[in-house]
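Please build the complete structure, drawing on both the sequences and the hints.
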Amino acid sequence: MRVVVLKGGRSLERGVSLRSGARVEDALERLGHEVVPIDVGPDLVKRLSAERPDVAFVAMHGVGGEDGTVQELLEILGIPFTGPGAAACARCMDKVQAKDAIEDAGLPTPEWFAFNQTAFREFGAADALGRLEETLGFPLVVKPSRGGSSLGVKFAAAATEVPQALVSAFSYDDRVLIESFVDGRELAVSILGDEPLPVVEAILVEGDRYDFEARYEIGRTRFACPAELTAEEERAVTELALATYRALGCTGFARIDLILGADGPWLLEANAIPGLTDTSLLPQAAEAAGLSFEQLVERILDLALKPAAA
Amino acid sequence: MSEVPEPTHRRRSHTSGRDLERYAGLFAERTGVMRSSAMRDLMAITARPEVISLAGGLPDTSTFPPQSFAAQMTRIAQESAAKALQYGPTEGFEETKDCIVEVMGAEGMLPDPDDIIVTTGGQQAIDLVCKTLLDPGDVVICEAPTYPGAIPTLCSYQADVVQVECDEDGMQVELLEQLLADLRAEGKRPKFIYSVPSFQNPAGVTMSLERRHRLVELARANELLVVEDNPYGLLRYGGEPMPPLYQLDGGDFVIYLGTFSKILSPGIRLGWAVAPPPVMEKIVLGKQAADLCTSTLTQYFVREYFAERRWQHYIDDLVEIYRARRDTMVEALRTHFPAEATWTEPDGGLFIWATLPDYIDTSDLLAKALRADVAFVPGQAAYIDGRGSHSMRLNFSGVDEDEIREGVRRIGKVIAEQVELYGTLTGEQRPPEPEEPSAPNVVPFRKAGEAG
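Order-wise, the sequence lines are chains A and B. Numbering follows my numbering, with no gaps: position 11 of the first sequence is 11. Numbering follows my numbering, with no gaps: position 313 of the second sequence is 1313.
I should point out that these hints are in silico values taken from the structure, not numbers from a laboratory. Using N, Cα and C, we set each Cβ at its ideal position, and we do this for glycine too. It cannot be assumed that every hint is accurate.
Stated by the list, open to error - List time: in silico SDA-like cross-link candidates among lysine to any residue, alpha-carbon distance up to 25 Å: (1) B:1413 - A:119; (2) B:1413 - A:125; (3) B:1413 - B:1056; (4) A:46 - B:1049; (5) B:1188 - B:1282; (6) A:46 - B:1050; (7) B:1131 - B:1157; (8) B:1413 - A:121; (9) B:1083 - B:1093; (10) B:1413 - A:116; (11) B:1282 - B:1155; (12) B:1413 - A:122; (13) B:1131 - B:1031; (14) B:1413 - A:123; (15) B:1413 - A:175; (16) B:1413 - A:10; (17) A:46 - B:1048; (18) B:1282 - B:1222; (19) B:1131 - B:1113; (20) B:1413 - A:124; (21) B:1282 - B:1189; (22) A:306 - A:290; (23) A:306 - A:194; (24) B:1413 - A:174; (25) B:1083 - B:1073; (26) A:46 - A:72.
Claimed, not checked - Output of the computed footprint for chain A on chain B, the stretches with three or more beta carbons under 8 Å from beta carbons of chain A: (27) 1365-1372; (28) 1416-1428.
So this is what it looks like as C-alpha cells:
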C-alpha cells in the first residue's frame, strides 16, 4: 500500500511529531508498505494530490495536525486517514469543548471554568477570580484550552499564584481553563478501535508532583503498564475512558487521561493523536496487550481503511 | 567528471528499527539522566528560517576572509596533503600547541606545551575532564546560571551538580566557601568547580579580581580542582583585562580549557585543555579511547592561519563588530523591555542575560515569542534544578544589528502583552508601555541572577 506519513508542521510539538513519524515510517517499511514521508508545510495539498496515497498516517501533534485542520483537508481530498475524524480531533484538542461534551454525556470531570483573554482585558474578569477560587478551592490547575504535552499547564496553591499561572497559560492560547485539582493516581487509557488497551500509570520518581514539566522528562516519571489496579478499579476506569471516547466521537484510536481519586476516576482530557515515540504511552499499552509496534501500526491502518470493521 | 552514484538505500533497511523495546534492556543507566523535555522540543523549532534567533551561541563566521581560507587550504593541499590526511598524535601537533601558547600568551599565561592537549572543540575538553575525574554521584560545583552545554555532559557522567549564585562580579565565592563547609559537614568533597570567569555564558558577567584570588586560594587550601573554561577572554569590548585563574594559580589546581571556536571558527572543532601532568596523563588516555586524535586537517589549517600573523587582527575586527552589536542590543533592551526587567551589560563575550518580573515564565514566553518569529534561550536551560524560569539568554554575536533591534523589539512586544495581562489580572492597572524609549528609567548596569 502507498502510505503518506504526515509529520512535523509548525506546531510547538513538532519535535515529538518528527519522532513519532520516523518510528511509524520504519514500521510501515518493515511491513512492506511504500512510504512517503511528508513534513507538512504550505505545499501539503499539492503534494497529497501528486502522491495519490491509498491512506494517510497522521503522526502530527498539537495545533494544525491534531485539531482537525489536516483531517478536514484529508476528508475534502477523499484520502482515508488514521485516527479520529476532523470533528472529534477538534473536540479533543480544545479542552473547553471536550469538557463540555464530557459533561453533556454525564461523565465525571473536575469542576472548571473557562476564560478568554478578552474577558480579562476588556470585561474585568479578574474581579470574578475570587468567586471562582471559592467555588473550586485550592489547589487548582490552570491550562491553555488548546495545548499539548504539559506546555503552559500550571499549578496554583494559593490565590496569589493564579495570575502568574494565567499569564503562562495564555502564552499558548487565547482561552484557558481553570480546573479544581483532584488528587489521585494519574492514569492513561489508550483505545484502539473500540478496545481499551491495558491502563498505564504515570508515577513521579523524583521532584515535585505539581511540576507538570516533570511528567514529560525522561527519568523523572516512571510508567507502569499494566497499572496495578483492582478488578473493580480497572473496570471503572476503562468503562469511563470508553464512554469518553464515544462521547467525543473518536474513531481509530485516542488516549484518555484520568485521575483515579479516592472517590473514583475523573476525566482530565482526551488526546486524539497520542505520541507514537519510543517513550509514548500508546505503544507501551499496545505492547502490554501483546501487540508489537508493527502490529499496532498495521491495526491503526486497518481501522483507517475499514472503519466499519472496527 | 563522474557522478556520485545514487545510494541504493536512502534510509535504513527494513530489518533495522527504532523500537525502544528492542534496545531498552541494553541502555546504560546513565542514559536515564540524559533529559529530554518539552522545552527542548520548543528549541527545536527555533531553526525555522523566518525566526530571528537570539538563541544560538554562534560567532559570525561570515567575517572570515574567504580568500585567506582558500589560500591556506590550497597551501596545505599542495605542500602537506599526505600528512594533513593522516592520523596525528593524540595530544595534538606541537605546531598547534605553539599556536595555543601564543593565544594564551595574549592573556598573560605561559603554559608548558607538554601540559596541553588539543581536543575536538572545547566541548570535548569538558567531556574529557569529566571522564577523567568523575564517578557517578560525585559532587561538581558550577555557577548559577551555568553554561547550558555543560549540563548534559555533567549529567551523562551522573554528577551531583550543585550551583553557586552569580552576581555582577561572577560566582559569589563567599557562598562557595559556605557551600564547601556544608559539603564537608556531609562528608562530601567536590571533585571540581566549573567556572567561566570571563564574560560568562550565559550571564555575561566577569569574576572580579578579588574573587579570582579567593577562588584560587580556596582551591589550594581544599586541594580541589577548578576547571576554568575561557572561550571568550580575548573578545573584550570594555573594562580592564582580568588575569585568568590559570595564571593566578600557576596551573597546580586549575585545569584550563580554551577553544579556537570564538576567535577563528567553531566549524574546525579545535579546542584544548591544559592540566597538571598527572591529570593530563589520564586525559590523554581518555582522548585516545574517545577519538584517537583531533582532526589533523584542521590543525594544519590553524598552523597556516597563525603563520599569516593576522590572527590578532581578526580578533580586533571581531571585537569591533561584536561591541557594536552588544551596544545595539543594550539600546534595544532599554527601548523595548519593560521597566521591571533587568539585564547584564557584558564587557565581552557573546551573551546578555535578562531577567523579567517573576510572574513571567520564559519557557512559556518562548512559545509566544516563536509565534512572533523570534527565539531566545529560556533561563531554565542554565540551571539543573528548574530555577532560572524568569530569565533568558540573548546572543548578540550571531545576527546583524538590524536583526538584533527587530528581534529584541519582537520579544519586548510579547513581554509587554504579558505585563499588561498580569496587571489586568491583579488589578494593578498600569498605563500601557510607552512606545518611545524610556531609557532614563533604566539603570545602565543591572545585577544578574537577582531573581532565583
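Holds or violated: residue 1413 of chain B to residue 1056 of chain B, with C-alpha atoms at most 25 Å apart: holds (21 Å)
Given pair status - residue 1050 of chain B, residue 46 of chain A, alpha carbons within 25 Å: Answer holds: residue 46 of chain A to residue 1050 of chain B is near 22 Å, not above 25 Å.
Pair hint outcome, residue 1413 of chain B versus residue 124 of chain A [Cα-Cα no greater than 25 Å]: holds (22 Å)
Hinted pair residue 46 of chain A and residue 72 of chain A, Cα distance within 25 Å: Satisfied, since the Cα-Cα distance of roughly 15 Å is no more than 25 Å.
Proposed proximity, residue 1113 of chain B with residue 1131 of chain B (alpha carbon, max 25 Å): Holds, at about 22 Å.
Agreement of residue 1413 of chain B and residue 119 of chain A with the hint, judged by alpha carbon distance not exceeding 25 Å: holds (21 Å)
Distance restraint between residue 1413 of chain B and residue 121 of chain A, which requires alpha-carbon spacing of 25 Å or less: holds (16 Å)
25 Å Cα cutoff - pair residue 1413 of chain B, residue 116 of chain A: holds (20 Å)
Given hint residue 1048 of chain B paired with residue 46 of chain A - CA-CA distance at most 25 Å: With Cα atoms ~21 Å apart, residue 46 of chain A and residue 1048 of chain B stay inside 25 Å; holds.
Agreement of residue 1282 of chain B and residue 1222 of chain B with the hint, judged by alpha carbon distance not exceeding 25 Å: Satisfied, since the Cα-Cα distance of roughly 22 Å is no more than 25 Å.
Restraint status (C-alpha distance of residue 1282 of chain B to residue 1155 of chain B at most 25 Å): holds (21 Å)
Straight-line alpha-carbon gap residue 1083 of chain B to residue 1073 of chain B, limit 25 Å: With a Cα-Cα distance of about 13 Å, the restraint between residue 1083 of chain B and residue 1073 of chain B holds, given a limit of 25 Å.
This entry satisfies every hint, going by the numbered hints stated previously.
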